[in-house]
Amino acid sequence: MKLTPIFVTAITLALATSASAQTLTIATVNNGDMVRMQALSPEFTKATGIELNWVVLEENTLRQNVTTDIATNGGQYDVMTIGTYEAPIWAKQGWLVPLDGLSADAGYDVNDILPPIRAGLSYEDKLYAAPFYGESSFIMYRKDLMEKAGLTMPDAPTWEFIGQAARAMTDRANDINGICLRGKAGWGENMAFLTAMSNSFGASWFDENWKPQFDQPEWKNTLDTYLSLMADAGPAGASSNGFNENLTLFQQGKCGMWIDATVAASFVTNPKDSTVADKVGFTLAPDNGLGKRGNWLWAWSLAIPKSSQNAEAAEKFINWATNKDYLATVAAADGWANVPPGTRSSLYANADYQAAAPFAKMTLDSINSADPAHPTVKPVPYTGVQFVAIPEFAGIATNVGQLFSAALAGQMTGDAALAQAQEATTRDMTRAGYIK
Amino acid sequence: MARSVSVQAKAGYTIAAWVIALVLFSPILWVLLTAFKTEAEAIASRPTFLPETFTLENFAAVQERSDYFKHAINSIVVSVGSTLLGLVLGIPAAWAMAFAPTKRTKDVLMWMLSTKMMPAVGVLIPIYLIFRDLRLLDTVHGLTIIMTLINLPIIIWMLYTYFKEIPVDILEAARMDGAELWNEIVHVLVPMAVPGIASTLLLNVILAWNEAFWTITLTSGRAGTLTAFISSFSSPQGLFLAKLSAASLLAIAPILLLGWFSQKQLVRGLTFGAVK
Amino acid sequence: MATAQTRNLSRLMMAPAVIVLLIWMIVPLVMTLWFSFQNYSLINPMMTGFAGWANYIYVIGDPSFTQSLVNTLILVGGVLLITVIGGIFLALLLDQPLWGQGILRIIVISPFFVMPPVAALIWKNGFMHPGYGMLGHLWKAFGLQPVDWFNQFPLFSVIVIVAWQWLPFATLIFLTALQSLSEEQREAAEMDGANAINRFYYIILPHMARSVTIVILIQTIFLLGIFAEIRVTTGGGPGYASTNIAFLVFRTGILSNDIGAGSAGGVVAVIIANIVAFFLMRAVGKNLDA
Numbered sequence: 001m002k003l004t005p006i007f008v009t010a011i012t013l014a015l016a017t018s019a020s021a022q023t024l025t026i027a028t029v030n031n032g033d034m035v036r037m038q039a040l041s042p043e044f045t046k047a048t049g050i051e052l053n054w055v056v057l058e059e060n061t062l063r064q065n066v067t068t069d070i071a072t073n074g075g076q077y078d079v080m081t082i083g084t085y086e087a088p089i090w091a092k093q094g095w096l097v098p099l100d101g102l103s104a105d106a107g108y109d110v111n112d113i114l115p116p117i118r119a120g121l122s123y124e125d126k127l128y129a130a131p132f133y134g135e136s137s138f139i140m141y142r143k144d145l146m147e148k149a150g151l152t153m154p155d156a157p158t159w160e161f162i163g164q165a166a167r168a169m170t171d172r173a174n175d176i177n178g179i180c181l182r183g184k185a186g187w188g189e190n191m192a193f194l195t196a197m198s199n200s201f202g203a204s205w206f207d208e209n210w211k212p213q214f215d216q217p218e219w220k221n222t223l224d225t226y227l228s229l230m231a232d233a234g235p236a237g238a239s240s241n242g243f244n245e246n247l248t249l250f251q252q253g254k255c256g257m258w259i260d261a262t263v264a265a266s267f268v269t270n271p272k273d274s275t276v277a278d279k280v281g282f283t284l285a286p287d288n289g290l291g292k293r294g295n296w297l298w299a300w301s302l303a304i305p306k307s308s309q310n311a312e313a314a315e316k317f318i319n320w321a322t323n324k325d326y327l328a329t330v331a332a333a334d335g336w337a338n339v340p341p342g343t344r345s346s347l348y349a350n351a352d353y354q355a356a357a358p359f360a361k362m363t364l365d366s367i368n369s370a371d372p373a374h375p376t377v378k379p380v381p382y383t384g385v386q387f388v389a390i391p392e393f394a395g396i397a398t399n400v401g402q403l404f405s406a407a408l409a410g411q412m413t414g415d416a417a418l419a420q421a422q423e424a425t426t427r428d429m430t431r432a433g434y435i436k
Numbered sequence: 001m002a003r004s005v006s007v008q009a010k011a012g013y014t015i016a017a018w019v020i021a022l023v024l025f026s027p028i029l030w031v032l033l034t035a036f037k038t039e040a041e042a043i044a045s046r047p048t049f050l051p052e053t054f055t056l057e058n059f060a061a062v063q064e065r066s067d068y069f070k071h072a073i074n075s076i077v078v079s080v081g082s083t084l085l086g087l088v089l090g091i092p093a094a095w096a097m098a099f100a101p102t103k104r105t106k107d108v109l110m111w112m113l114s115t116k117m118m119p120a121v122g123v124l125i126p127i128y129l130i131f132r133d134l135r136l137l138d139t140v141h142g143l144t145i146i147m148t149l150i151n152l153p154i155i156i157w158m159l160y161t162y163f164k165e166i167p168v169d170i171l172e173a174a175r176m177d178g179a180e181l182w183n184e185i186v187h188v189l190v191p192m193a194v195p196g197i198a199s200t201l202l203l204n205v206i207l208a209w210n211e212a213f214w215t216i217t218l219t220s221g222r223a224g225t226l227t228a229f230i231s232s233f234s235s236p237q238g239l240f241l242a243k244l245s246a247a248s249l250l251a252i253a254p255i256l257l258l259g260w261f262s263q264k265q266l267v268r269g270l271t272f273g274a275v276k
Numbered sequence: 001m002a003t004a005q006t007r008n009l010s011r012l013m014m015a016p017a018v019i020v021l022l023i024w025m026i027v028p029l030v031m032t033l034w035f036s037f038q039n040y041s042l043i044n045p046m047m048t049g050f051a052g053w054a055n056y057i058y059v060i061g062d063p064s065f066t067q068s069l070v071n072t073l074i075l076v077g078g079v080l081l082i083t084v085i086g087g088i089f090l091a092l093l094l095d096q097p098l099w100g101q102g103i104l105r106i107i108v109i110s111p112f113f114v115m116p117p118v119a120a121l122i123w124k125n126g127f128m129h130p131g132y133g134m135l136g137h138l139w140k141a142f143g144l145q146p147v148d149w150f151n152q153f154p155l156f157s158v159i160v161i162v163a164w165q166w167l168p169f170a171t172l173i174f175l176t177a178l179q180s181l182s183e184e185q186r187e188a189a190e191m192d193g194a195n196a197i198n199r200f201y202y203i204i205l206p207h208m209a210r211s212v213t214i215v216i217l218i219q220t221i222f223l224l225g226i227f228a229e230i231r232v233t234t235g236g237g238p239g240y241a242s243t244n245i246a247f248l249v250f251r252t253g254i255l256s257n258d259i260g261a262g263s264a265g266g267v268v269a270v271i272i273a274n275i276v277a278f279f280l281m282r283a284v285g286k287n288l289d290a
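Residue numbers (UniProt numbering), protein chains in the order written: chain A, 1 to 436; chain B, 1 to 276; chain C, 1 to 290.
Hint data in this document are derived by calculation from the structure and do not stem from the laboratory. On a predicted model such as this, the values are computed, not experimentally measured, just so you know. One or more hints might be untrue.
[What the hints assert, rightly or not] 25 Å max Cα-Cα, derived DSS-like pairs, lysine-lysine:
# : chain 1 : residue 1 : chain 2 : residue 2
1 : A       : Lys220    : A       : Lys378
2 : A       : Lys254    : C       : Lys140
3 : A       : Lys211    : A       : Lys92
4 : A       : Lys46     : B       : Lys70
5 : A       : Lys143    : A       : Lys361
6 : A       : Lys46     : A       : Lys324
[Said to hold, decoys possible] Just the calculated beta-carbon pair ranges, DEER-fashion:
#  : chain 1 : residue 1 : chain 2 : residue 2 : range
7  : A       : Asp207    : C       : Gln145    : 51 to 59 Å
8  : B       : Gln8      : C       : Leu280    : 39 to 47 Å
9  : C       : Leu138    : A       : Asp105    : 56 to 64 Å
10 : B       : Pro254    : C       : Leu144    : 21 to 29 Å
11 : C       : Val27     : A       : Asp207    : 43 to 51 Å
12 : C       : Leu138    : A       : Glu124    : 57 to 65 Å
13 : B       : Thr53     : A       : Ala328    : 29 to 37 Å
Using N, Cα and C, we set each Cβ at its ideal position, and we do this for glycine too.
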C-alpha cells in the first residue's frame, strides 16, 4: 500500500490545521438572520482577534447535535443557538453559563430587552441566553382579497370572524385558499400553532395534577375548528406544510390569510420574492373572548455551554451579536428592514425602523401580548405559551403532532386523534414520573 | 460478439432504454437545472425546463457561506482513507478465508455482515461518549475510523468472493516451484486480484462518501464532510431550493464523475461471486 | 490440504480484521445493553438507576411498535421487489444491442452516487411536492388534481425514493451476470427453438439466481436501517404510517432524549434484524456456496 503514507500525511495535516489558539465554535440555525450574522462576523474577528468556526445546520439537525453535545458534556461548541424552550430547562440542569457579564455591561443595556423575551430566557432571575431575534405570531392577510370578499379586518379578530373570512375568500377555481396554517408534524411545527390556538379556546396541555387534557371539550373544540377550517378553506396537502411551505404559498398569492411567525412579515413584504408584497396587512392573532389570544412567543438566542473552554471569548461574541450596535451594523449593510427583530425596545422606538418595517408595531404588540407565565385560561402547573417548559415536552408533542397531522391528512378522525393523544401523553407522563 | 438483430428491433430497444434511463435520471437533471435558476424561478407555479435567467449566484452564495473545498477535502480524506485502511485490514483476512477455508468461514463472514445490522441511531450515545473520551469528536481520523468499521464487512466479503475465483492450482504450483514463488505472486496472482481490489475500493469510496448519519452527528465544522455541507442549506426559513440544488450538485459531482469514469472497473468486480 | 502452518498463517491474517470488528460489535452493544436496563434521560439528569425491564416494556408497548414492525417489512420487501424485478428487466434491456450503450449505462447507474439525504430532498421538493413538484405539474398538465404523495401514500413514496437509489446497483450486478452467460449457451437455446419466454425461464433466470441472492442479501442489510429518507420526507408520519423500526428508535431515543428506551429499542432492532437475516439465509443461502 504505497498510498498509506500519503493518507497519514493527510491526517496529520488535518490535525495540525485544527489546533489554533483562540477559536470559537458557534452552532447556529441556517435561517436568514443567522446567515447574515455569519457574513458580518469578520468584523468581530477583526476587532478582537478571535477566530470563528461556524456550524450552520438545518434546525432539527442542529437541535439534535447541540442537545447530544450538551447533555454528554461533549464540549464541541462554545456558543449554541437555542430557543426559549431550551434556555430555562438547560439552565436548571446547570448546563449553561449565566451571562452575568452582559447584565453588568451598561453599554449592552440588558433592560432594553423586551420583558417577555427576557423572562423567557432567564432562570431564577439570571439571564442564561441572549436573544438574537424574537418572534410572536400574528395574522398576515391579503387586503385585496379581503376587500373583494366585502369584509374588513378588525384590529383584534375572533376565531369566528377568521372562519367566516377564510371561507369567503376561498376561490378554488383560481387556486386561492382562504387560510394557510401549519400542518406538518413536530413540536415546533403544527404543535406550536395548535398549542397557541388551544390557549385561546380555553384548553391546556395538563391540569394542575399533570393530567393530560386532550379528553376535555376545549381541545375537541380547538381541533374540530382547525380541521373544518382547513377542510373548507385550507390548501391541498396541508398536513406537510410547515413555515416554509406556507410562506411559499403566500408569496405566490395562494393564501388569503396566514397565521404564523411575525418574522415572516419581512419575507412576504419583500418585492423580490413575493408577488403580493404591496397587498399584505397584519393584525393580532385571533381570540375567543376568553382573555387569551392564539399567539406564541419565541426567541432564537445565543448561550454558552458549561463544557466550553472559551466562555469569556464566547461572551464577547454574544455581546457583539446581540447588542444595539449589531442592529446598526446590519442596518448599514442591508437596510433597517433586515435587522433581526423582536428583541429590543429601542428598535421599536427607532423612527428609521418604523419607516422601513410596516409590521413593526403589530410585531411588538403581539410579543407584548404573549404571557408565558400565565399562558392558559385555566390554572396550569407549567409555563410557556406554545410549549410546556418541561424536558419531556419535545418528545411528547412530536408524538401528538404526528396524530394531529394524520387527522388533517384524513387518515383518522379528530376524535380518534385526541383519544390516542390522551393515551400516548398519559403513558409518557407516567413514565416521566409526573403522574403517580 | 454482437448478436444480429433487425434495425427495427434495435431502434425499439434503444428508444425504450433511453426513455427509462431519462426517467431515472430526471431527479439528477432537475438538480442540475435548478442550480442555475433564481430562487423564485425554482418554485414558480409555471415551471421552466431550462433556466430563464441563467445565474451563478447560487454557487456564489453557497461558497460564501460554507467553504466547499474544506468539506470536499474532508470527504475525500475520510472516504479514501477509510477504504484504504479497510483494504489493509481486509485483504489479508479475505485472502486467508478464500485460500484456507474452514468449516466456520461462512459463519465468520455472516457474523461480519451482521455487525452492520445495528441501527446507527441506537448506538449514537455510546459512540458519542466513546468519541468524547478518546477526543475523537470533530476529527477527520475519528470519522475515518468509524467509516472503516462500517464498511469493513462489505470490503471483506467482496474481496473474499473475488479471491475465491482465483484458481487455487496456480498457488499450489507456485508453492512447489519454491524459488519462483515471489515471481508467481507478482506476475500471476496480483494481476488477477487487482480488478477485484479496484472495484472494492471504488464501491467503498462511494458508500463512505454518501454516509450521512455519523458524518453529521460526530462533527462540528472542522471535520464536516459534504453531507454536513448539504445540511446547512436544507430547509431554512425562506426560499432555498436553488441554493440547495447548487450545494447538492457540488456535493455529488465529484463522486458522480468518479463513478462515470471508473464505471468499467467498478463493474468488473461488483459481482460478489455471483458470476461463475 | 491445509497444513498446520498455513492454518496458523491464515489465522494470523484474519486476526486484525476479526479483532477490530469484534471490538466494534461488542463495545457499543454492551454499552447499549447496559443503558437499556438503566433509567437514562439525556435531558433529565434526575432520572437514574436500574430500570429492570421497564425500557423494553415501554418500547414494545409503544402504540406504533407493531405498525413499525410491519412497515419495516413492507419497506424492505417493497424495495426488494421493485429493484429485483426492475433490475432484471433493465439489465435484459441494456444487454440488447443499443445505440449509445455506454452513455445509457452511465445514466442508469447515476442515482447510486447520490447521497441519501440529497436524494430525499430532491424527491420531496422537486418531484413529490403537490404545489411546486414536477409530478404535481405533470398531473396538472393532464388536468388532474396533484397527488399529495407523502400524505396519501407515505410508505409507498419512501419505497419509491429508496428503490430509485438501489435500482442501479441491482441492475449493474444483473447486467454483469447476464454478460457472463456465454454466447454458446444462448445460441444453443435458440437452435433448440426455445422462444424468448422459455429462454428467460430455463436459461437466463437460473443463471441469475446467484446474483439475485447477492442483491437481496446486500440490500436487506442496508434497507433494514433506512432512516435518512424517512426523516427528511415524512418524519415517520402521518400518524405512524411511515415509521419503521429504525425511525421508532430515533423517535424514542433521540427526539425524546430517552436513551434508556432508545437503547432498548436498539437491542430489539438488532434482534429483529438477526431474525430476518436468519430466515433470509435459510431462504436464499443455498444459492451461496460461500
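Q | Hint numbers contradicted by this structure | A | 7, 10
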